[in-house]
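Chemist: Protein chains in written order, with the numbering used here: chain X, 1 to 233; chain B, 1 to 1057; chain H, 1 to 85; chain D, 1 to 118.
If you are wondering where the hints come from, they were derived from the structure by calculation, not from laboratory data.
Computed from a prediction, not measured in an experiment: that's the story for all the values here.
Be a bit skeptical, because a hint or two may be false.
[What the hints assert, rightly or not] On the chain B side, residues computed to face chain D include the following (Cβ under 10 Å):
#1 V134
#2 L138
#3 V171
#4 I178
#5 L229
#6 E233
#7 D1026
Note that the Cβ used here is the ideal one computed from N, Cα and C, for glycine as well.
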Amino acid sequence: MIKRVIVLLFLLGLGLLFIAFMQGYTPDSELNLTGRYYAEHTAQDIGATNIVTAIIVTYRGLDTIGEVTVLFLTAAIVGMLLSRGNRKGKSLQRELPQSGELLTTGSYLLVPLILLLGAYVFINGHLTPGGGFQGGAIVASAILLMLLTDPLRHFSHQLIAIVESISGLLFVIIGVLGLFYAGGFLDNRILPTGELGSLFSAGAIPVIYSLIGLKVGAEFSSMLVNLSETEDS
Amino acid sequence: MVNVIFIIVIGLGAAFLLGLLRENWRNAAYALTIGSLVSMAWIAARWLLFFAVEGGTTVEVFTAGTEPPFAINLRMGIAEAVLLLVVIFSGLLSAVYMSKSLFRLGGRAMSVLLVFIMALCGIILTRDIFNLFVFFELAVIATAGLLLISENKQALSAGFKYLIISQLVSVFLLIGIIFTYHVSGSLNIDTIAGVSLDTMKGIGSLAFFFMLIAVLTEAKPFPANGWALDIYESAHPAFSAMFSAAMAGSAAVYAVDKLLLIGGQQWLPVVTAIGLLSFVAANLLALAQTNDRRTLGYSSVGQVGLILAVIGQRDILGDNYLFIAGGILLSHAVAKAGLYWISGLIGQRNLTDWAVLRRHPMLILSFVSFIAMLSGLPPFPSFYAKWDLVMILATENRLWILAFILLGSLLEASYLFRWFGYILKRETPRQEKNEVENKSPLLSLVPHKLLVIFSALATSWGLAYLWGELSAYDNLFYALPLLFALSFLLLEWVSVWIKNTLAIAGMVAYFVISYPLYDPLQIIFAAIFLLGGAVILLASYHVHGRRIGFYPSAMLMFAGLAMLVVAEDSFHFFAAWEFLTIGSYFMILRGKNSEPHALSYIIFSLGGAFLILTGFALAAQGVVLFNLGSLAHVAAPIAPWVFLLLAIGFMTKTAAIGLHIWLPGAHAEAETDVSPMVSGILLKAGLFGLMVLLMNMGKQQLYGIELTYVMLWIGALTAFLGNLMAVFQEDAKRLLAYSSIGQMGYALFGLALMNQLGWLMALMFVINHYIYKSMLFLSVGGVAKRTGTRDMYKMGGLIAMMPLSFIAVLIGIIAVSGVPPLSGFGGRWIFYNAILSSEYRLPMMLIFISGPIAFLYLFRLIHTIFLGQLKDDHRQIKEAPFWIMLPQMIYVAALMVFAVVPGLLLRHVDAYLSPFFAESAARGGLNWQGLTITSDYGYWSPIPIMVIIAIIFALLFAWLVFVNRKAQKVKQFNIVYSAERPFRPETTHFAWNFFAPYRKAMGFLIQPFVTRFWETLTELLHTIADLFRRFYTGNGQTYAIQLLAFVVVVYLFRVEF
Amino acid sequence: MNEMLMPAVTLLFAVAMIGAAFVAIQVKQISIAMLAAGLVSLLASVLFLFFAAPDVAMTEAAIGSGLTTFLFFFVLGRVRGGQRD
Amino acid sequence: MVQIAMATGFILILMGLYGALTNHNILRIIVSFSVANTGVNIILVAVGYMHGRTAPILNEAVPVAEAAARIIDPVPQALVLTAIVIGLGITTLMLAFAYKLYERKGTLDISKFSELKW
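Let's have the full structure, built from the sequences with the hints guiding it.
Modeler: Written out as structure tokens, the structure is:
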């Protein structure tokens, strides 16, 4: 009880600081320096219509590579944690209710469609909302669906790891290519920027975003698979 | 030059590549990991070379082909290059160190390690606040992953606690970032810093506060750091090394440094306050720790706090900022990593279990180097850094900050040196037979781990050299005595004979070369330090074998003494002072039961040294090379304070009453040949300091109190009480030790008289005390060696067995007690003259009383040890070894000579001193004519006195022989106790508690008030530490609440500023 | 969307989110708490659409509410018995 | 409207933190943090919002020339994307840790995991 009061008290203090933020906040009426630059230069420099994508993949590409690495790390650590000691063997039969026929058949139909949707989302990241992360999540949801319909299904960790690593490596390599053939690390202009609004435009962005999509998809899948393969304790 | 971005590219690329390798290709994976770390290190090193040697300037690296602030940019400058090297090297060495664990866990663990290092590099390089957030999150997650390498099961919960904290941190950081972006329109640190300060008011400063506090949290400030301690305690030691050296000690503090560019000056006090609080509190709480890794964790928190405090002071540090911050940062990084690596060799977690290191000199050397680095002792970078820092703080009048820094340093040194005492003195833990299977061995000396530790050792000395080169002063490594002392480290494998001969030859040779450079005062001290030391070293020939550790320590002490005498400026004086302190500490610690005494010695000495440091800093007022002579010109308001600080500092070394409690134990428990060194020689260093001080600063008044008058009283009291305490000792060496306190009191008194005679008398004491105290310690030591005890009541009648020792003691006590004809009398004579010529009658009384008291205890040395009945177990005893007797005989001769021709030395000194005491010299100077000395009150002519005394002695002796010609020898018989059982063996000896009546009368005077005071203080500190560390409940949630409270409270205080 | 309606709709969402959040932190059954947290996230993703942030909306929906909730349930399924306070 | 969203965000953060700091159950702590994270995301988006403008995507309705006057600030959105993904990473990690902790002790009470202390 005392603990709750103390927590409330300090949260009250924090709340006061938040109120100060609210009171001092005045919405911008014009884009600030940075926002204006992106609005004016993205189309011409990067060739992407989705400015958020341009920022994520190129201008702040270093963040994104870090972000992808966060997932990579998480997947690796979850793997390390859960493979330690008691993966009591896949031989152990888990008693789980059989999913219905309908669901199984449905999933066989749905999975390719979902995968396709995911691919669409990350390939078109530079044109429409969405991109590698969203697409990757969609790809992973296909895996999730398969897991739900058949919990005993064995996924190849090796395959997931290879997809993850290769796409990550390619991401880095493309970044380095930017260093030699364009203005700097992760510069997308190693490929022609193309015509604004077409699929093959915005230089390396579709490539990078596809790689991110694959990588993120693989990483999410790896986490899901690892977690689902743990034993009930 | 390779683009800096490749450091990140290599780290990431290799991490991804590791995923491609098959699970069982662990060799390849490991090779890839090491290879990429090496290449990252190479890039960083190449850049460092570019900046440091080729004079390159800071480079900006743009990404995405767009200029900042529109894309993320990195910056590479000299500071970044150094920090990158620290980070990458700690990673590389840790990877080597934990190769076994990495192999066990496979490629995934290696890629986590690589990402961790890469992320820390990113934190250091990036100039973008959001990018900073991303790299911090990476580091956090990688930390959680690397914790799993630990074999300690608790690491899992520590990791979870950390994740909870990092959730809070990321909430704060994101809020701070987005509002900072809102007010400034940029995410680039330099752009935001360039925005006018007005926009950073209001929510701008609030937003900055959130960012700052979030990043500060990663530097583990007290009290929001319980989670960090849990990590330190439970993680794999190699990871703790990285976590401390690279993450907290380099990356996080540098992030704070970068962020402060945005916040500007007004945030510096906040960082200072947080840093200082962490520094002092963590070191205080560490006192109550028993777990080694947790102790190191506390120390780490403290050190990072110190770095933060330095960052917070950068407004006044100017060009020295990098030198100071870098010195402390690198010292911490190398030392802490090294200590964690050592902890990985040791199988059990209690501090005392480190005693297993004892048999491994190289590991001991490593440990010593690391703790010296942490404590800021010369010649390590932290010493130069702290010196400069203190100088600047004193000049800028930021005395509170200075006081807290020194307090924290003292606390830190005390538990580190206590730990060192454990290593050398505690029992080596035994492995239980039945536990062998399931427990790790007590000490596992794995070659590659040792390699890692020794490379840290090499780095520490390399940095010491480098910082010496970079400093504004001469490199301490160019000091001949120090090099000589250090070279004994390389000679550890040869026998005592060779080392001892080399040492003696070196000391004598150094005196001979330097002779022309000394002034008369310096000659006296140099002669005692070097020639006197050489004479005592003769006694060291009696030891056989290699005596590992003795010569480097002894030579370090003598090097310090030799450097002290010739030091012209405060820096070199202080460095020499520290050297002699450390050297003597190691020597004292060698004694069998000396652990607690050596500890109190080093704590008092370091405390005294800090006072001296502060005194010099106040006096210098920013002058880089502050000549000791300039002490005379220190301006009025601070001069008395300078005097006070320096005087107390020096009096710690002379063991003035109140500060004396370290001395008896330290001197008594030391080895036979060490006792005379630390008593006969080392104490004079304090007197030398006092002389330098008084000579330059003379009389000072503080609040109308004449400070020299206070010193006079202290001297008198010290003489009186020291002697009185000596009277009631049963332990012969302790008796001598207390007697030293008394003798130093005389010397102090003489100096404080501030007239020529007083000084002359003090110098007489310097010489006399050296001779007779060294001699007595040697002879008593010899007796103790033969009888196996130092308790006098267990001895008796040794005159027949050890006649030479008897003679030495007899001559010694005649000299000490100041009766004619020996030089002690000369001292007294000058002394009484001096007293009579000054007006202080009251303290004078005390001094007069001390004389007879001294006789009481000196009498016991002869009476109890050498006269009376011989003990049964002592019938076969032989005279003390030749090498112990030899110096004693030299001293006997020297005493005779000095008694006959005291003027030989003193007249030059007298002439040298007279200009300093022009007015008193006019009144009551001495007149040196041939062998006769004349004063206003009479004259002293040694030869006639000698002759007269000899005649009296001969007559008395003849009369005694005549009277006792019919005396019979009596056989020993048992004493029968009527109706009383002697439960304690000592009560059966008549000489036990010999002065019981006096004790009844005057015992109240020697109640150990002072000892009790210091003990209570120590206990209080420990109790506080033990109480407050309970604050870290171990519950992750509580830690999170503490962090929340920390944020709110810091903001409230911030409003106050 | 109607300019007038926006604040009202936002307010509605705000109330709904706070309500769901209250459930998430207070309700006895963890499974309901997890669903409520997912709901908060889902509502937020719709809100992001109103705030002209379709990218964020998609991400929040897919990752914040979708994947996270599934992960929660995966783990919840493994720790039976540990669910009580 | 922005104020409403921002207030909601702050309230969610406070509620989430309250939940995280008072609940004993580790899973509930993690759930609470995810609520707080959603709050942070809302704030980030709200700060970037500008009244009467459209999403930062160029198309027929928003030609390049008018972009600066028509779109909202894209930067906060980019940041939120990153923040969401990182948040997921940490949440997953916490869940995996929670599972392991449970496996070791058979409880999810955070106060039971305090062997390391003082």
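Chemist: Which earlier hints turn out false for this structure, listed by number in ascending order?
Modeler: Per hint list: zero violations.
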